[in-house]
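Chain A is fixed; fit chain B onto it per the hints.
The lines below spell out each chain.
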Amino acid sequence: MTGNGYLVEVNNLVKYFPVLAGVMRRKVADIKAVDGVSFGVKQGEVVGLVGESGCGKTTVGRCILRLYDVTSGNIYFQGKDITTIEGEELRRLRRDMQLIFQDPYASLNPRMTIGDIIGEPLLVHGLSQGKEYRQKVAELLEIVELEPRMADRYPHEFSGGQRQRIGIARALATRPKFIVCDEPVSALDVSIQAQVIKLLKQLKEELGLTYLFIAHDLSVVRYISDRVVVMYLGKIVETADSEELYTTPLHPYTQALLSAVPIPCPEVDRSRKRILLTGDVPSPLFPPSGCRFHTRCRLAKDECKKKEPELREVGTEHWVACHLV
Amino acid sequence: MRETVLEVKGLRTYFYIREGVLRAVDGLSYSVNKGEFVALVGESACGKSVSALSIMRLIPYPPGIIVGGEIIFEGRDLLKLSEEEMRSIRGNRIAMVFQEPMTSLNPVLTIGRQIAESLELHRGLEKNDALVEAANLLKLVGIPDAERRLNDYPYQFSGGMQQRIMIAMALSCNPVLLIADEPTTSVDVTVQAQLMELMNNLRSQFGMSVILITHNLGLVARYADRVNVMYAGRLVESGLTDTIYSQPHHPYTVGLIASVPRLDLPRQRPLYVIPGLPPNLVRLSPNVCAFAPRCRFAISKCTEQRPELEQVGDEHWVACFRHQEIPELTAMECER
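Going line by line, the protein sequences match chains A and B.
According to our numbering, the stretch in the first sequence is residues 5 to 329, in order.
According to our numbering, the stretch in the second sequence is residues 15 to 350, in order.
This is chain A alone, in the form it adopts within the complex (with noise of 0.2 Å):
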């Protein structure tokens, strides 16, 4: 597993939430969020995460940065296998690894003032303090592009867009090598998306980050990623390199979340393939049988009912979860 250039790794992910049932509180069902997920992340790549909600994507995000402990499979972070380390080990590991949380209102400590809030982390792993602390806070506001100035205020002071910056600068504070975005830019404003999507990418430039980017929003994911990764009802449906994954999807369902969203150009759009899916997303409670996509899938056979497609190679890093592929 080792020397294979992936930053981070994930091999065989499960998770399952057990549900909870009745006086004596007992299992009576699991929530099969994440079931069997593998891929990995490259050194200063961009990984991006897409898929529905309820398809386990923030799921697999909180599993790699061991917030949630998993079920089985193994987690690898530089060659390592972090998916049991715990105590001080599991403390240190958390200073390479920070997150990016979807919702610049709730992820901010509204009795902190933003200068605390950069600088927790700091103290937090003793990496500095006095006027070196303030003068790191400070240098972290310029770097998302705040005043050092408002360190004092309170997080109410600030936009939407502004708090997704004081929480992109506390997820920098530790100098991390690899960080998750979960859905970062899907509580904005169309104005204030381009202005953050456009910070993180100039980040990971300047600062030689690796970010697991984690969306919904099929064009910024396409936008800022080098891979993308889709994911349906806790499994991988396909993978490939950006580029490639927008010109050829071959996954039905990949083809089906292409066409649903509409290109903001009335000729363009006009002249695309339209695939409509029907229904809902079915619950992970009680998964499909054999290829978990076949009741919404329009090209599904009797195979797909019964038998589970693998993740195969189809191309270069191209892989497909599809009998009929």
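These aren't lab readings, by the way, just hints derived from the structure by calculation.
Values in this document were obtained by computation on a predicted structure and should not be read as measured data.
Ideal Cβ placement from N, Cα and C applies to all residues, glycine included.
Any given hint could be a false lead.
[Claimed, not checked] With a straight-line Cα cutoff of 25 Å, these simulated DMTMM-like cross-link-like pairs (lysine to aspartate or glutamate) come out: (1) B:48 to B:88; (2) A:202 to A:248; (3) A:208 to A:146; (4) A:277 to B:239; (5) B:23 to B:97; (6) A:309 to B:97; (7) A:140 to A:100; (8) B:23 to B:239; (9) B:141 to B:166; (10) A:135 to A:124; (11) A:140 to A:161; (12) A:84 to A:107; (13) A:202 to B:278; (14) B:153 to B:131; (15) A:305 to A:317; (16) A:181 to A:230; (17) A:277 to B:278; (18) A:277 to B:211; (19) B:141 to B:88; (20) B:153 to B:143; (21) A:208 to A:124; (22) B:48 to A:271; (23) A:277 to B:256; (24) A:205 to B:278.
[What the hints assert, rightly or not] Far from chain A by the CB rule (all over 10 Å, computed), these chain B residues: (25) 72; (26) 120; (27) 124; (28) 138; (29) 139; (30) 211; (31) 236.
Here is chain B on its own, set in the frame of chain A:
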């Protein structure tokens, strides 16, 4: 000449709050033709939702009040109607679909009861007839097993299904005009596509007009006949969809269109970024161009005077002092 269903003229809706007067909508004019799909585009707090609530006369007073303008609907000024007259129009001739279906539906009433209520109220149906009609409406919006599901409560439906129910309720009285306020922001893309197709099909089927309030420029490009772009409570540009996308004349419209990543363009295309933040509407002077502080092309005139809408082409209006030069100046951003 096409029949005009709705005409908003110089609408001004202000909120009197502790910090001062918030001019949420400040001189908004546009019209909607019969069967037309009109988009009202803009970012949060630009006044697009407030303008829709003003049409429905649902502005909470205090602090909000419609201080001026006219809203002509089917030949009558809605602002002059009594509350009782308004009630016969609201939910009947003009219906509305909101952003969050879960908070718009009553959690303790069955779906059947909620749909039947407006049928009894507006169309005078008997209780049982209303339930039969409610089931028909659920079928119309694509809810499987409609009769049985009448007895279900809102929480038993997914977000997409709840929004379908909202659409069914809106359609219950064959409205002439449907106002959809960000109807798909809380659902996934595949469900968004389903809902939009549904609304668009129903529009052609019943010949209603639709006002879609959104910030999603993709949806606008796909469905709208006409686009109204709002900024800080006013229209900055208005025109037919193809015109707006191919020849935007206002720097804000140009910026909005160019700042969205597009699936059909090369990935390396740099993203255009509008600098700064939208203005604070309380502090904004009503006598300047509100976009000037964020505009690359602002001149001194922009901070001394407010640009009014000017016609620049066939059914194309722009509020910008430099509108003649903008297409040329922004040729780079508009390049495909």
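Taking the hints in turn, this is what the structure says about them:
no.: 1; hint: B:48 to B:88; result: 11 Å, holds
no.: 2; hint: A:202 to A:248; result: 22 Å, holds
no.: 3; hint: A:208 to A:146; result: 15 Å, holds
no.: 4; hint: A:277 to B:239; result: 20 Å, holds
no.: 5; hint: B:23 to B:97; result: 21 Å, holds
no.: 6; hint: A:309 to B:97; result: 57 Å, violated
no.: 7; hint: A:140 to A:100; result: 17 Å, holds
no.: 8; hint: B:23 to B:239; result: 20 Å, holds
no.: 9; hint: B:141 to B:166; result: 17 Å, holds
no.: 10; hint: A:135 to A:124; result: 15 Å, holds
no.: 11; hint: A:140 to A:161; result: 22 Å, holds
no.: 12; hint: A:84 to A:107; result: 31 Å, violated
no.: 13; hint: A:202 to B:278; result: 19 Å, holds
no.: 14; hint: B:153 to B:131; result: 18 Å, holds
no.: 15; hint: A:305 to A:317; result: 21 Å, holds
no.: 16; hint: A:181 to A:230; result: 17 Å, holds
no.: 17; hint: A:277 to B:278; result: 13 Å, holds
no.: 18; hint: A:277 to B:211; result: 14 Å, holds
no.: 19; hint: B:141 to B:88; result: 30 Å, violated
no.: 20; hint: B:153 to B:143; result: 16 Å, holds
no.: 21; hint: A:208 to A:124; result: 22 Å, holds
no.: 22; hint: B:48 to A:271; result: 24 Å, holds
no.: 23; hint: A:277 to B:256; result: 19 Å, holds
no.: 24; hint: A:205 to B:278; result: 20 Å, holds
no.: 25; hint: 72; result: 24 Å, holds
no.: 26; hint: 120; result: 22 Å, holds
no.: 27; hint: 124; result: 20 Å, holds
no.: 28; hint: 138; result: 35 Å, holds
no.: 29; hint: 139; result: 31 Å, holds
no.: 30; hint: 211; result: 6 Å, violated
no.: 31; hint: 236; result: 4 Å, violated
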